[in-house]
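**Q** The lines below spell out each chain.
Number of protein chains: 2
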Amino acid sequence: MLNFEFQNPTKIIFGKNSISRIGIEIKKRGVTKLLLLYGKNSIFRNGVYDQAVLSLKENGIDFVELGGVKPNPVLSKVEEAVMLCKKEKLDGILAIGGGSVLDSAKAVGAGFYLDDIWSIFDGRRIAEKSLPVFTILTISATGSEMNSGGVITKEDEMKKWPFRAGFESFPKVSIIDPSVQASLPANQTVNGAIDALSHIFEYYFDGAKESEIQDEIAESMMRVIIKHVQILLKEPDNYDSRAQLAWCATMALNGSTAIGRNYGDWASHMLEHSVSAFYDIAHGAGLAIMFPAWMKYNYKHNLKKFARFAEKVFGIYSGADEEKAINGIEELIKLYKKFQAPVSLKEIGVKESDLNKLVENASLRLPLGRLKLMYKNDIEEIFRIAY
Amino acid sequence: MLNFEFQNPTKIIFGKNSISRIGIEIKKRGVTKLLLLYGKNSIFRNGVYDQAVLSLKENGIDFVELGGVKPNPVLSKVEEAVMLCKKEKLDGILAIGGGSVLDSAKAVGAGFYLDDIWSIFDGRRIAEKSLPVFTILTISATGSEMNSGGVITKEDEMKKWPFRAGFESFPKVSIIDPSVQASLPANQTVNGAIDALSHIFEYYFDGAKESEIQDEIAESMMRVIIKHVQILLKEPDNYDSRAQLAWCATMALNGSTAIGRNYGDWASHMLEHSVSAFYDIAHGAGLAIMFPAWMKYNYKHNLKKFARFAEKVFGIYSGADEEKAINGIEELIKLYKKFQAPVSLKEIGVKESDLNKLVENASLRLPLGRLKLMYKNDIEEIFRIAY
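Chains as they are written, first to last, in this note's numbering: chain A, 43 to 429; chain B, 43 to 429.
It should be emphasised that the hints constitute simulated quantities derived from the structure, not laboratory data. One or more hints might be untrue.
No copy is singled out in the list; a pair is fine if it fits within one copy or between any two copies.
Here are the simulated DSSO-like cross-link-like pairs (lysine-lysine), alpha carbons at most 30 angstroms apart as the crow flies [said to hold, decoys possible]:
hint, residue 1, residue 2
1, K414, K58
2, K251, K388
3, K214, K347
4, K379, K393
5, K171, K388
Using the sequences and the hints, build the whole thing.
**A** Next up, the structure:
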């Protein structure tokens, strides 16, 4: 087990009927007038907006609304929100939505204290300060509800990059009521699950010397996610399965899966970001394509781990390590097909002539990855496999 | 999965050579003169004291020392330490040791703000304030390094009770360097592991509706602890096994195993506290006796879970649920014998004529437990089984 630091200050309130508790949690922390940030209209249909607003009003918390955060959230929207916070003298942010809204809220909270927001994306600085951010999660996927990170697209340069932030950017309180996810379309449930699985993969396959307890926990989470997504495809309102998936997705990127690891590989995520910077597909759908392609290209660099993955997650016990490893990756692709997720770039409308553009975009900051350091020729190969 | 709240603010610094980082962490938080609390002399022999003191001095942090905290820590020592903090105008506490020193440090930190310290033990109040507590862990067992709780004995009344504390009682920073545990005697390693296993059991068997991810994680931790203790009995300085055991013990009582559960059963712990209030045995050794006895008495109230335990932890797949359950408990007892832990009260010198005294002591606050509410006659039966 490698040395590590762990600290996560976010308070999680999890379960049925928990949304009504948001007002009192915000009030306790001295916020008086906040930015209510959201994306599309689904929060009006599923009652989440009404429950949250009632709780704010009951606790005397004033707010200014801003909707329209897009699924692959953009920097211009973040800048618009920062302007609004300054103009209206807001002292906190409540994000209601999925990863895109939550990531945007954190970028706004940090951006409030910065002259140049992009400086926390391109490596010039780390966000040290933030307006306090509160969240009500409506789709389990990115894990943004319990970490300090996020990903935003700078549209004019087609850069979809993560920002670096410190302790202040963790949400103060995140509310996760899995029952509000019962009305999600199947593809959104699936994309969320693939995103969560991919976060677990990034650490599991990062090439660190194995740490048995972390491997066991990661495999437990993978098995539970795979099982309960399949239940949800038949019974979308199965509360227990929603709860299992939701808590696994939160844990997948709250730092606990990173313990004793080598910081994660993250090449697959960066490759996917290039895809969804150009094509407006869900991050989870992009990962369904790019992660197995990365695996096919790289499994030889950690054969034992890929064989273990096949065994513990898909019950593949026969064959030599290489055979197991390959079969494990094939099982994952089969699973994603069963989920009706795309498994090739062609399926989502990428033209062969566009591949170069994607390779160029993904090669802006090299090398990628940790299991194997990846340069432009590696990236080219993986896009070819993914095509 | 039951509704839950989760928040744990403690910063963990884990790994080799991490003790030297304590000074800077304390300085960052504005503490200038602290109580350096410890137990026996082992911290002078294994170099932990020297490393810590050097780091304090390098960071200009003044301190007053108090040693002599006993393995089953007592209230009079806590009161002595509170007096010292007041007299010397100390503004923080650094605990170096195992659970007894850490628990005492938290009681001192809270007691500093209370007229009557025992009021947080007997249910009259919850500790809301505390001096900031920092810890350097020297034996993995109680999980005290990453939670707000503790257990202290009021000697004049022979009450060994836990206290109730709020957010301020979490250690600010805990340093866990597993390599310093290489010199522990085998019985201390074993007792620590049994304590950690027992914490996992308390939640796992608390009768809450099963939550698959939490069950899987709990079973992972049990398997890993059992495997690595056996390695450590042969190779006490195996760093990876020390690290596996250490992190499992921390997780076992940092709130993560409590998620979605019914708050834990805790009857076995309360029964053990009565034993170690009278007999000066290690908490882990007492649990090796009392937990299997509680299991034998109560397995019928959650047969399915006990059968699952036998299967997932000891690989017992054959037989009906009841047979599996019984065999699983027998395997646990066999394991504890292999660990050379005591498995009966007789072995540790309890006389049959003393049983009544133990039953009376354990029956001061009834009922105990959650899986099955336990009254005096139940407690009597369990002590009889344990004898």
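**Q** Against the structure, test the hints numbered earlier, and report the numbers of the ones violated in rising order.
**A** Failing hints, ascending: 2, 3, 5.
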